[in-house]
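The task is simple: from the sequences and hints, build the whole structure.
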Amino acid sequence: DICRNTLLFERVDDLTACLERIVRDPEVALGRVKNRLAFDYDPALSAGYRDVALNLCITSPYTISLGIDQHVCELQLILKDFAELKNAEGHKRYVELRN
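Per the numbering used here, the sequence shown starts with residue -3, numbered consecutively.
Be careful, since some hints might not be right.
What the hints assert, rightly or not - DEER-style ranges, computed between Cβ atoms:
1) 35 x 60: 31 to 41 Å
2) 26 x -2: 11 to 21 Å
3) 51 x 76: 20 to 30 Å
Read the hints as simulated data drawn from the structure, not as lab findings. Glycine included, every Cβ here is placed at the ideal spot set by N, Cα and C.
As structure tokens, then:
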């Protein structure tokens, strides 16, 4: 990913509130949403890793003036407890499983 960032949350309620604000923001164009926190998501598919990953574009007058309003960014919303478990070995297992 060329542009990716992560936001950490202590509580699911905080993560949900952030997601709701992103969805309501008129300058955010949401693309794909991977909800790895959903009850029906099988964590074996991601080696136990859980987050909400958003692909989005920021379409503000500023990004339009720079010609980057169509640039897709990834934003990962993750609970702090999962982030603490995420280490080089855990990510390595995820990449191996994914590929």
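Self-check item: Numbered hints the structure breaks, given as an ascending list
Solution: none
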